[in-house]
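Protein chains: 2
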Amino acid sequence: MSAIPEEFLSKTAKVDEASIQPFPNSRKIYVEGSRADIQVPMREISLADTPTDFGGEKNDPVVVYDTSGPYTDPKVTIDVQKGLPEVRTAWVEERNDTELLENFSSEYCRERMSDESLDSLRFDLKRQPRKARPGKNVTQLHYARQGIVTPEMEYIAIRENSKLQALKASDLLKQQHPGQSFGANIPEEITPEFVRDEVARGRAIIPANINHPEVEPMIIGRNFLVKINGNIGNSALGSSIDEEVEKLTWGTRWGADTVMDLSTGKNIHETREWIIRNSHVPIGTVPIYQALEKVNGVAEDLTWEVFRDTLIEQAEQGVDYFTIHAGVLLRYVPMTAKRVTGIVSRGGSIMAKWCLAHHKENFLYTHFEEICEICKAYDVSFSLGDGLRPGSVADANDEAQFGELETLGELTKIAWKHDVQVMIEGPGHVPMHLIKENMDKQLRECDEAPFYTLGPLTTDIAPGYDHITSGIGAAMIGWYGCAMLCYVTPKEHLGLPDKDDVKTGIITYKLAAHAADLAKGHPGAQIRDNALSKARFEFRWEDQFNLALDPDTARSYHDETLPKESAKVAHFCSMCGPKFCSMKISQEVRDYAAENRIDTVDVALEQGMEEKASEFKEQGSQLYHKV
Amino acid sequence: MSAIPEEFLSKTAKVDEASIQPFPNSRKIYVEGSRADIQVPMREISLADTPTDFGGEKNDPVVVYDTSGPYTDPKVTIDVQKGLPEVRTAWVEERNDTELLENFSSEYCRERMSDESLDSLRFDLKRQPRKARPGKNVTQLHYARQGIVTPEMEYIAIRENSKLQALKASDLLKQQHPGQSFGANIPEEITPEFVRDEVARGRAIIPANINHPEVEPMIIGRNFLVKINGNIGNSALGSSIDEEVEKLTWGTRWGADTVMDLSTGKNIHETREWIIRNSHVPIGTVPIYQALEKVNGVAEDLTWEVFRDTLIEQAEQGVDYFTIHAGVLLRYVPMTAKRVTGIVSRGGSIMAKWCLAHHKENFLYTHFEEICEICKAYDVSFSLGDGLRPGSVADANDEAQFGELETLGELTKIAWKHDVQVMIEGPGHVPMHLIKENMDKQLRECDEAPFYTLGPLTTDIAPGYDHITSGIGAAMIGWYGCAMLCYVTPKEHLGLPDKDDVKTGIITYKLAAHAADLAKGHPGAQIRDNALSKARFEFRWEDQFNLALDPDTARSYHDETLPKESAKVAHFCSMCGPKFCSMKISQEVRDYAAENRIDTVDVALEQGMEEKASEFKEQGSQLYHKV
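These protein sequence lines map, in sequence, to chains Z and H. When you line the first sequence up against the UniProt record's numbering, it's residues 1 to 627, in that order. When you line the second sequence up against the UniProt record's numbering, it's residues 1 to 627, in that order.
Isolated chain Z (complex conformation) (with noise of 0.2 Å):
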């Protein structure tokens, strides 16, 4: 116990304070579904009644989704040491097809937990790890393909629609262009039976493993919202388990729609057991980098036995996605020699130099349909690791990368064939007109299977800057159909992100999630864009800061140049100052509209100006508002 340094000592973690404040004028509601426990959880964020002179008008609230989880209920007691209330455990068990088994499967997890050694920074799981009963499959996706509407399917759906419906009569939603979505098919309203349909076409996974019955539903497809990603993990250089459950629900807080725990340091095990039983959302994981860290980091000394093991550790605790690169194939290896950065994928090098090294295939590959067994038996869903992504615009594109892409696309049929659910990873760094090739192929290669990218990356020139370098073709490849964005943060390539970093990382990829939003012509996207554009126009600040990804922020830059509350209901702001102010002059045109009846210029014309020309100019100046 004392090879533990305190501050990796577990029983004292506890919530970070940052984490669990409610929204500014926001509340947590909950839309509930056919049956009781179906809750599903949203923001509500109320404003203020437009100001007399712009109208006067009511401002209905605006329902956003909201991945923040529990954290941001008021009426729910946060304790780390508990972990969070489960959500779906009665539909799992209900289904009726899976056990609880007396004890882990995992030679590897079974060591750990008889280890009193690392009792002071063991979570203290009371529940079993439960698996399918033999002969079962319990995906999403073999529901799916059986007809099977499941309660997560129904709670994706009343999640995805945001109470989209309510506002049928709004011109928020009127107000919205129509978009370009390069074949996607978007419904006008997501029906359970939608999502049903296009998980069993493959084209959308839901991650939720029957272990991690805290997960709160999500789906990953193309024709639903675009989702972020958020990585978290300890390293051989530091981090604790309290700075890992802080940064997740912290993450989480902004935007995250899933959490990748890419832990590589110390104690991996009971760090991902602690962010597990602490997440509402999906956490994926890289088993391959825990396998090598039971081989010493030897990667020539890893087996299938030790990497098979590794799987099922993963999948009793609960783990919800498993990057896989078993498209790394030894053919494939040597076509990275010539490239300006080689192998840039750590799970890609890996296995490059464990193929090199015993001159054979991939055992991910040649073992594909037994990881499907395991998949299936917990629902893991594949994320099916781009091991050779291009590391530098220079190397997008190539052969490597589009050769490991074609074997993705073999493995999403074999995956498919077990019921297995699956996503793709893409690159990376790509110039900007490289990007939509990417996705082309993608969808070609994979039949549809979501795609799940990280970026990419539009230059290599702005080190300290990736998560814009990166943003910008996030936001490009999800419009083009790309299902999951995978955050970069401001320290990528430097070093290990802060918590501010993951903030600025998941705020960035939010915008470039939701730019993607409005361009495929989302139904409902633009609802808050509209909201908080009335809202600037009209001068409710408040209102602005509220609806804006991030309040905090968004607050505190308009203090910085007008600190006082006044400024907060003032109808100008620091860019023009109270003198002269375009919104004004903008709503001036507007009543003068109005009282003259013109819609359009022809009629504008015909209702002769002129008479009124003079009368405007007398109230005109009058307008000015008074410093």
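Incorrect hints may have been included.
As the list makes no split between identical chains, a pair holds if one copy fits it or if it spans any two.
[As the list claims (entries may be wrong)] The calculated lysine to aspartate or glutamate pairs, modelled on EDC-like cross-linking and capped at a C-alpha distance of 20 Å, are:
no. : residue 1 : residue 2
1   : Lys75     : Glu86
2   : Lys174    : Asp398
3   : Lys499    : Glu560
4   : Lys413    : Glu369
5   : Lys168    : Glu188
What the hints contain is simulated information worked out from the structure, not anything from laboratory work.
Model the placement of chain H on the given structure of chain Z, informed by the hints.
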């Protein structure tokens, strides 16, 4: 004199120390043209040799386009009280078509100059104003159409090439993807004759007032490198002359190709003088802002006479381009009444108000040919303002915006008739899928006159991050053919940018413009990416930092995790730690391929990799680096 607060006194103004630091491992070089007084500045970044375990070769220095001016040349003594050295005086004089005036032509200017109470904040200009001799046209467009290659054009050709030809044999140049330029016509080498051609065609402009001899000539056009503009300027709420000069030097240090002075506060005339005299980049203004101040902020009181005097005042100070909102026609104004955010352009709303109040056509439109006469007497370029640009995604691409754009096309042809250079301003807020329509329509309506856009912002929901929402749109429209991108800072919509915001905005736009150059396939654009990625792969940390757009931030982010100097030569980084490194494994793959002369997958398989497998395995594990 007592009316001027201490901090506004400009006699104490001095250069910002942070702006005159040389860049790390960089030196200022000057490439001489066909005559000794054409000395084109560039930055040369020296690189370390490749470490021996990666091959040990020498790495040639990388030359980058340099906007930082004399400020980063340690040989130049900077004194903001005296202003910058003159670059162009001899070139202007030898054309023998201008004359020095006895006094300033603007009445307002003469008043200000003779007001003793302003002595304490006046820049001490010893030079007389210069103007075209009667009947002469002194624009670069006029010369170009006569077949004259001016020294400015030759300077620009050298500058745009950035010594690219010296790298003809280098992998750094060869490793570039062919671009997709959407009909741009970018040659392999920019010649002075090509510059002349493009200017004569109206497809590019050289903003360079004859009264701004300090300017280092640069060009704006779709067949050249994409440029960026940074805005500065005081407002009614604050900022001193000192601060504005500091923002100028700071913004150009990080990459601003032009700077707009958007001052709307006190002492606009004097502030501008200090800015121009200390600016090596072209300065743009929106003259209507100052004109409005002259009529005490009452738009209806604006007259052609006040405006005309303002144009002459600014032209004789050396303003290089004027934003003129001549496209805001009376008939377009009512089209904005139904918008979510009405008219958001300050200039646009001023003119809209004037048009409505007088029920007359916009005087900038009716007097447009007279404005051309002024512009051609000083070579002030037009930046035809988009007064009706959308202020929200809802309002994008509507009839008001596009109606105005059609009028700007009409005005372009009038300007060209006078041989006056012209670019066109564009939006604003536009969702991604509507951006290309803007660019295509602009090229069509304005016959390829350069487009100059503000962003566009691709979503409205992220105030505080609008440098990013707009950086996405900026990169895309730059790719599609936009010639210059006007930066947006994180404070957009919220407050006045400080120095940090200016830098963040500039770097964001620099990377967006560069992403566009890469996508267009601009010759040599990928050299810096390739050099940086090679440095990254070879663990040349210092080179990676020094090649970055912002070396300081890159270095400081790295040092947060690994502060020791030894980490700068370590063959690992904080992401994976020392035990495992994918870059290192890639080098093993490369070495292995080289040993076995493996170029392609087929060769690899034929050569029987099995034989080498055990040998590689032995070596392999020793290649890990010790902690």
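Evaluated hints:
1. Lys75 <-> Glu86: Classified as within; 16 Å inside a copy, 69 Å across copies.
2. Lys174 <-> Asp398: between (44 Å within a copy, 15 Å between copies)
3. Lys499 <-> Glu560: For Lys499 and Glu560, only the inter-copy Cα distance (13 Å) is at most 20 Å; the intra-copy one is 22 Å.
4. Lys413 <-> Glu369: Only inside one copy: Lys413 and Glu369 sit 11 Å apart there, 68 Å across copies, limit 20 Å.
5. Lys168 <-> Glu188: within (11 Å within a copy, 55 Å between copies)
Comparing the model with each numbered hint stated earlier shows that all of them hold.
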